[in-house]
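*Asks:* Listed below, chain by chain, are the residues.
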Amino acid sequence: MPDARCPEPDASGQNRGEDPLDDPAAPGPGQRGGEGSSEVPAETHDLEPLPELPGERRRVLALLAGGIGAVATGSLIVPWLRIFFDRAERMDSEVWAPVGGLEEFAIGKTTKVTYRDPTPLPWAGFVAHNAAWVRRDSDQEFSAFATYCTHVGCPIRWEESASLFLCPCHGGAFYADGTVAAGPPPRPLDRFPIRVRNGTVELRTVGVPDPDE
Amino acid sequence: MTRLRWIALAGERVARRVGRWVYDRAALAPIFDFLDKHKVPPELGRTRKGWFYVFGQALVFVFLAQIVTGSALAMKYIPSPDHAWHTLEFLNTEVVWGGFVRALHFFGASAMVLLVFVHMSRVVITGSYKYPREVNWITGVGLLVLVLAMAFTGQLLRWDQDGVSTVMVAATMLGRLPLVGERLMEIVLAGDTLGGATLSRFFALHVIVFPLLMIGLIGVHVYLVVRNGVSEPPRAGRPVDPGTYRMWYRRHTEAGNTRYWPDVAWREFVFVAVVYAVIFLLAVTWGPKGPGAVPDPTMVEVVPRPDWYFLWYYALIWYKPAALDMVVLVWFPLLVFPALVLLPIFFGRGERAPTRRPWALFAVAATILLWATLTVSAIQGDWIPDFDTEPVPEAVLEDAPLGVRDGAGLFYERGCQYCHMALERGGTYGPDLTRSAREMSRSDMAVRIVMGIGNMPAYQGILEPGELDAILDYIFWTLGPDVTPEGD
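These protein sequence lines are chains A and B, in that order. Those letters in the first sequence? Residues 1 to 213, per my numbering, in order. Those letters in the second sequence? Residues 1001 to 1488, per my numbering, in order.
Among the hints, a few may not be true.
Stated by the list, open to error - Pulled a few chain B residues facing chain A out of the computed Cβ check, cut under 8 angstroms:
1) 1082
2) 1172
3) 1173
4) 1193
5) 1294
6) 1415
7) 1464
Unchecked claim - Part of the chain B face toward chain A, derived, beta carbon under 7 angstroms:
8) 1074
9) 1078
10) 1080
11) 1168
12) 1169
13) 1188
14) 1190
15) 1191
16) 1296
17) 1303
18) 1365
19) 1383
20) 1385
21) 1388
22) 1457
Calculated directly from the structure, the hints in this document are not laboratory data. Since the model is a prediction, treat every value here as computed from it, not as a measurement. We put the CB at the ideal spot given by N, CA and C, even for glycine.
Take the sequences, apply the hints, and build the full model.
*Replies:* Here is the structure:
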């Protein structure tokens, strides 16, 4: 396929009229370098032309250049990936966080508790805080549910008089014990480990709870 | 010669000299010469079909506008989870033209998403992805992914409740992938949960990584459009034969003698002007989008909604049957793009005319119809409980017996009214119970309330003794005094 971008020399004539500078003296495409090539002396230097490199050697040199390129690219990509995949360490974020005194929870009632991430980044602001739904099942027994719907992760709200958790995205509903009541959620609400210690209710902060646990 | 005229002439001489110098040293000659000579299929210049070939360039120009408005916004935006929301408020209220530029950026993004699909539809309809333009198409699919990724991350950077929900939804959906799910979830959140590291990575992707990839891919895409030539409007009975196509195309364009500049370029620029004008107009009339409520994860009483470009998907994950859960949430997004990449490999030759390719027309029409239907139904959101519904006013219940009044109160309190209508009041998730009462016996309805059915929760553990009867009294009372329910 002939290159449409390589103009034939005689085309330069018609080109001049539409030259951006509208200057008849401007060099046309056929005369690039317009210093008058006929005046260039035939003998420009007195070096003997070097013989072409042997094919074997050119292959080695190309391999060398390519190898340097690959190593350089790799040595930049690897640290990039390391930063990209970096995450807060899991061990640090699992602690028992107090969420209230025993007397604050009525038996059979579900309450929203908030807690602060144990080791938030200093600039985390709003998102250092998290919420969970805590239900006091009996005197010493508690259940703690994540506030995210198991369908696609929208925040669920507890409707006290209806005794249901409702999701505002796709109408998922859960019973008070976290099992699916209606709608598209595929599994019960995720639970946090919860315990009572010396009259204080404590929640095990595990980030977004792992469905397998 | 007056003094003024002399100055003008001298100025002109200097300008010409500078211009000539730049023209020579910057080696502009081949570029101008190429622009001057590049030929396109004559149909594009001489017939109105040219108007169907303007979308690609409009995308490039809107992309450039996005770089301009986006880089201006980046000067004020702070990608920290604590500050992002405040800097957007600051842009809206304190910075001169800040809100206007935010609006331009939002409506520019909307134009990108819209145009990328219009452009792609045109390419499918005219079969332009066929030989020898397969890689044009493949780079185009890459650009489609990037445009959607930009729309997604952009919505997230608004960092209001919707933005936070966007991350959570993305994380939850990825979390459903087998094997790698949990790991991917941690990568999206940059940790176990939403935190200080979550936002900045999306900022880096939206502002640096994706735009750079886009610039690269646009470069390849445009280069290939130039090298392979703009595809000629197809004609039935003129199939693409890889053996002869390139030669035929060269003869066709040479003989047609229609040049890109300005024979067809004027249409593209007129269209770009229209698109810019619409974006400006929308930005002036609607103003910036958001930010909405503060991004506080402990606030659960919110109704998150994606921006309009993802509403269709938001509706799709409601409509799909439960059995297709993994298909729609995981395999569809995962496989649709590889399938698009492979399209020209398997259908790379033969007829290009839409009249000979009814399946292509059908696919485009079906996609548009499906998209529109899903988007409209997402806006209506019939399946969303009506959290704002109000209890039945006392005045309506004036003549009602005591049990019915209790029932009306319970109908609201126990959440029936979030999803069901009675007396034209309530949600649309479940059936209108005034209407159901006309067709159903009292005992049938009682069974459904107690046991639940389909998307109806079982109320047996929720209702106190006597409440069921009160609610049923109310529902059947709404039929009016003259109607006697069947059965019972």
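*Asks:* Could you run down the list of hints and mark each one as holding or not?
*Replies:* Status of the hints after comparison with the structure:
1. 1082: holds, 2 angstroms
2. 1172: Check passed: Cβ of residue 1172 of chain B comes within 3 angstroms of chain A, closer than 8 angstroms.
3. 1173: With a minimum Cβ separation of about 6 angstroms from chain A (threshold 8 angstroms), the hint on residue 1173 of chain B holds.
4. 1193: The hint holds - residue 1193 of chain B has a Cβ within 8 angstroms of chain A, the shortest such distance being about 3 angstroms.
5. 1294: holds, 6 angstroms
6. 1415: holds, 3 angstroms
7. 1464: Not OK, violated: residue 1464 of chain B not within 8 angstroms of chain A, min 11 angstroms.
8. 1074: Violated, because the Cβ-Cβ distance from residue 1074 of chain B to chain A comes to roughly 18 angstroms (cut-off 7 angstroms).
9. 1078: violated, 9 angstroms
10. 1080: Nearest chain A Cβ about 5 angstroms off; hint holds.
11. 1168: Holds. Min distance 4 angstroms.
12. 1169: Hint on residue 1169 of chain B: holds, closest Cβ of chain A at ~5 angstroms, below 7 angstroms.
13. 1188: violated, 10 angstroms
14. 1190: At about 5 angstroms, which falls below the 7 angstroms cut-off, the nearest Cβ of chain A leaves the hint on residue 1190 of chain B intact, so it holds.
15. 1191: Hint holds; residue 1191 of chain B Cβ to chain A Cβ min 4 angstroms, cut 7 angstroms.
16. 1296: holds, 5 angstroms
17. 1303: Given a least distance of 4 angstroms, the restraint on residue 1303 of chain B holds.
18. 1365: violated, 27 angstroms
19. 1383: Holds, because the Cβ-Cβ distance from residue 1383 of chain B to chain A comes to roughly 4 angstroms (cut-off 7 angstroms).
20. 1385: Holds, because the Cβ-Cβ distance from residue 1385 of chain B to chain A comes to roughly 5 angstroms (cut-off 7 angstroms).
21. 1388: At 11 angstroms from the nearest chain A Cβ, residue 1388 of chain B fails the 7 angstroms test, so the hint is violated.
22. 1457: At 3 angstroms from the nearest chain A Cβ, residue 1457 of chain B passes the 7 angstroms test, so the hint holds.
Consistency with the previously given hints fails for numbers 7, 8, 9, 13, 18, 21, ordered from lowest to highest.
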